[in-house]
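Asker: Letter by letter, the chains look like this.
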Amino acid sequence: MTVHAPRGIDLGRTAVTAAGAARRLDWVLVLAVAALCAIGSLLVWSATQPGDGGNPLDATEHLRKHLAHLAVGWAVCLAVAAVDFRTVRAYAPVVFIVTVVALALVLTPLGAVINGSRGWIVVGGFQFQPSELSKVGLILVLATLLGEPRDGETRPMTRDVLFCLLALAVPLSLVMLQPDLGTTLVLGAIFLGMLTLSGAPVFWVAGMLLSGVAAGFCVWWFDMLEPYQLDRIATLVDPSADPQGAGYNSNQALIAVGSGGFDGTGLFRGEQTHGRFVPEQHTDFIFTVAGEELGFVGAGLVIGLFAVILWRILRIALGCDQPYPRLLCVGVASWFGFQTFINIGMGLGIVPVTGLPLPFVSYGGTALLANLLALGLVLGVNSRDRGFE
Amino acid sequence: MTVRRPPVDPTLPGPRLGRVGLVLAQILVVALFATLGARLWYLQIPMADHYRDLAVANHHQRLVVPATRGQILDATGRPMVANRTELVVSADYHELMGMDDGGEQVLSDLSGVLDVPVEELRQRMRLCGPEVERPCWPGSPYQPVTLAEDIEPAIALQIMESSDDFPGITAQAHAVREYPNGARAGQILGYLQPVTQEELEAREELRTQFTGIDQVGRDGLEAVYDSQLRGTAGVRTLGVNNHGEVMDVISDRPPEAGMHIITHLDMGVQEIVEDALAEGMRAARPRYRADSGAAIVMDVRNGGIIAMASLPTYDPAIWQGGIDQETFDELLSAEAGEPLLSRAVQGQYPPGSTFKVSSLSAAVENGYSLRSTYACPGSVNIAGQNYENYAGGGHGTIDLHRAIVVSCNTIFYNFGYQLWLKDGGLEPEGEPKEAMAEMARGYGFGAPTGIDLPYETSGRIPDREWKRTFWEETRENNCRRGEEGYPEIAKTNPSHAAYLKLLAYEQCVEGFQWRAGEAVNFSIGQGDVLVSPLQLVRAYAAIANGGTVYEPRVARALVSADGRVVEEIEPVVAGKVPVKDETLRYLQDALEEVTKTGTGGGAFGDFPQDRVSVAGKTGSADAQNRQVSSWFVSYAPADDPRFAVVVFVSQGGTGGATSAPIARKIYEGIYGFGDFEEPALPGGEPRADLPVVRPDGSIDPLDR
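Top line first, the protein sequences correspond to chains A and B.
Quick note on this note's numbering: the first sequence kicks off at 1 and runs consecutively.
Quick note on this note's numbering: the second sequence kicks off at 390 and runs consecutively.
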């Protein structure tokens, strides 16, 4: 039985040393993520081969960029982990406002359209995807709103929920304007996950869950989806119905994964991958590369690593005494869990095709940065908000 | 209350309600990830083979590399059908479609160089489909799309040298069929046409090697030996990416060129035969229509076809590159004389007096002595009908030798009538012997000869059974006409209509009867008897060689493109003529006499018979509403027969006047007599040796 000793709010103790934090890092979580990043690097490398059967060592442009993204991301991750989450909390509104402004900028002429979605800002040769960072911003602000009850309350009340809805509505509508269905769904999932586990009134929780379902249904019913998105849902039922049309992605993904078999074709040896039959195979469909080249063994390992990551994050959440850090972890877990399931499910043909990268694995600087930033938040929580063990 | 509670009491364990939720969340995560894992297992373990097959279909592209079609050579090794290379301009479909403008710029540049409208090039670049009108590309997009054929070498060079200006465009040599002798032997050689869907479904070797631009032999040797000439197409399996770009060669089976056909045909003799026939037909006009003709030279010792002419003829090259409707209609039109039809093989005509060799054999084998003499009056009255000799005159009492030499009809009328009576006449008891018909079949009439050419006719040898079958097939119509008459004819010609009505009525009630008149007409190759020139020449070849009926063959050997494999086509014996050797020798003597003092004497008057004696028989066949048709069928040398020659001119006059001179010309050509300084066949013998195909593919022809 853990004995919880009294612990006053020591304003002087705003930060512990980085060394102290490192000692208390969740190494299982860190190693799991590091393993995923390593596998991801290999997959990105393989997925971006020119396909002429040349030496893989000659085609490392994407790999080098990816490794650079990883280096920046891990540096940010460790830095955030070293900072006290309460300090971060103090800047949550700033982070949130910055992400919202960035999302708004995307819709101005500053934004660039890539793959049919106006989701990018290009500055000086660098591309940013504000929608990825907005996920972190939303988690921070929701954790603040739901995890810091007002006077005399121990749990979020209706008013808090309404504030949360407002905080959700702004980035959500901006993302929908891009349009980016994947991120919209992720933001919704983060909100529902955090609200459900925040201890908010059951009325609100049930209401939000129901309205989430209803919204999804209405979107479908009122044909608010783009025709290509409807096609994607339709072809999910039978991907082979229209192999060169809307079902093409899904069909080719299934062929890539299925042809991998038990032990895969071996890295750099996937014929589907090197013929580039699966579109976006280094980003959204990177799981198909794992499926083909690494087989059931490797792809299963990827799924297993994600399961470990979610288990550790939820375990950290369980260990939290305070609602704010706990909700931080819940938000990150909701994000990773939902996005991973959608992404892998899409590669396995059980979820409609939506443009979402696989956390820690897919190529893409902003997404990696956001993933590792969120990991840093969780690690920071783990090293501080603990009872004495 | 004076003491304000801190916002969160740090001493409390905090709101714990979320803890249950967190556990539930963990269960949810396990469930979701178990779902993913199960789905992954399903796809990669039980379904792996299915998806592997799909992956192979995805990125393996089978490219069929057509084999070079074999040539058709004459007996000396000279090409009758060869392959010509022509320069074609073609485009890489994927490369052009992959350009930003879909290859528009390249096509418009090319249009200027080729002097072809850019619109046409655009149309030819389209892939054929149900909604695409021609011109379009019927082949696979992985094959070069042909944009222009038979271009000038200078233009090809220009395109090849400035390949940077024409990305994706190549100018290369392409094999097409060539007919160096033009229209000569056109119907024997045949032609190629694009393969049809029905042919694809029927022939597996076509289906598995189909390139989308395949052609198949549609007539003549091209059709009969199509699979040998075709060779085996090569298959190259290419690894391609999602844009169809070739990444690597996975497997490569090179094509195996088709075999060459060495025929018995000799181009020199073929030319002589065609020219002699054309000349003879010209000479028969304008007195006779001489609308078409056929002539065949056959090797009596093996059935090999040394020359075979059918006029009018046509140049098979007109089929190349798609025949237009006008030319096609003309090939089949009566005005143009249906040049597509081979009269030698597909035509069937009454044989007239040439048929008497069969009738004589039948009579002799059924009791009429070769040593007796028979009366040859100017006419005989049989069953109330008068039958006359051809010229109307009688020859007194003569032997059978003389009966052949002067072609006496009345002796044969009597044979026909007597043998008919022997069978029981109108009401035969038991199985009739049908001696005349049986003997005709023994000579190979009434059935296809089995020559290696398509669409052969079987001719017709009528007898009681045939008559009954024919009657049964036509009875319904005849009985209706016998009842109702011909009101449409009665309007203009009531007497003719009444005659027709009576005829139809007779046919209806007793048309099954094989009547005396029919048996009489049969005996001199008239009435319902029909033979093809090929059947007739084969029968005379059998008389010449001592009774062996061969299946005629045009092809003599098949030789692989490198000359290593030589398959000689052995002669096939179809049967033996069912007559005694004595009868054959008797016939041989009589036939030899025909060209000296008989009906062929005029044509062969100053032919050097002392050097090469010709044996033969004339025929002048009548048919309703037609002029008399001319036959001469023969063989030589009479003492040691080598060649059998038949000449037929439809509506060309008598055999002795029209056909015999043509045959004489043919013999002169073969042996180098008369106007011919050199014999077409050295030593007057068919070629003994085969021309040699060298390992490098070149052909070493025999000296001419």
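It cannot be assumed that every hint is accurate.
If you only want the chain B side, here are some residues facing chain A, beta carbon under 10 Å, derived [what the hints assert, rightly or not]:
{"hint": "1", "residue": "G426"}
{"hint": "2", "residue": "N570"}
{"hint": "3", "residue": "L891"}
{"hint": "4", "residue": "Q902"}
Restraint ranges, calculated between C-beta atoms of paired labels, are given here [as the list claims (entries may be wrong)]:
{"hint": "5", "chain 1": "A", "residue 1": "V28", "chain 2": "B", "residue 2": "Y431", "range": "26 to 36 Å"}
{"hint": "6", "chain 1": "A", "residue 1": "V101", "chain 2": "B", "residue 2": "P556", "range": "26 to 36 Å"}
{"hint": "7", "chain 1": "A", "residue 1": "P56", "chain 2": "B", "residue 2": "I416", "range": "50 to 60 Å"}
{"hint": "8", "chain 1": "A", "residue 1": "A75", "chain 2": "B", "residue 2": "S497", "range": "40 to 50 Å"}
{"hint": "9", "chain 1": "A", "residue 1": "A104", "chain 2": "B", "residue 2": "I639", "range": "44 to 54 Å"}
No lab work stands behind these hints, which were simulated from the structure alone.
Positions of the beta carbon are idealized from the N, C-alpha and C atoms, including for glycine.
Asker: Next, verify each hint and record whether it holds.
Answerer: How the hints compare with the structure:
Below 10 Å, beta-carbon pairs count as interface contacts, and G426 (chain B) has one with chain A at about 5 Å; its hint therefore holds. Below 10 Å, beta-carbon pairs count as interface contacts, and N570 (chain B) has none with chain A, the closest being about 51 Å; its hint is therefore violated. Taking 10 Å as the C-beta cut-off, the interface hint given for L891 (chain B) is violated, the closest approach to chain A being about 73 Å. With 10 Å as the threshold, the beta carbon of Q902 (chain B) stays out of range of chain A, its nearest partner Cβ sitting at about 71 Å, so the hint is violated.
Range check, V28 (chain A) to Y431 (chain B): about 29 Å between beta-carbon atoms, so the 26 to 36 Å window is met. The beta-carbon spacing between V101 (chain A) and P556 (chain B), approximately 47 Å, falls outside the hinted interval of 26 to 36 Å. In this structure the hint that P56 (chain A) and I416 (chain B) lie 50 to 60 Å apart at CB is violated, the actual value being about 42 Å. In this structure the supplied range 40 to 50 Å is violated for A75 (chain A) paired with S497 (chain B), their Cβ-Cβ distance being about 55 Å.
Between A104 (chain A) and I639 (chain B) the beta carbon distance is about 52 Å. The supplied range of 44 to 54 Å therefore holds.
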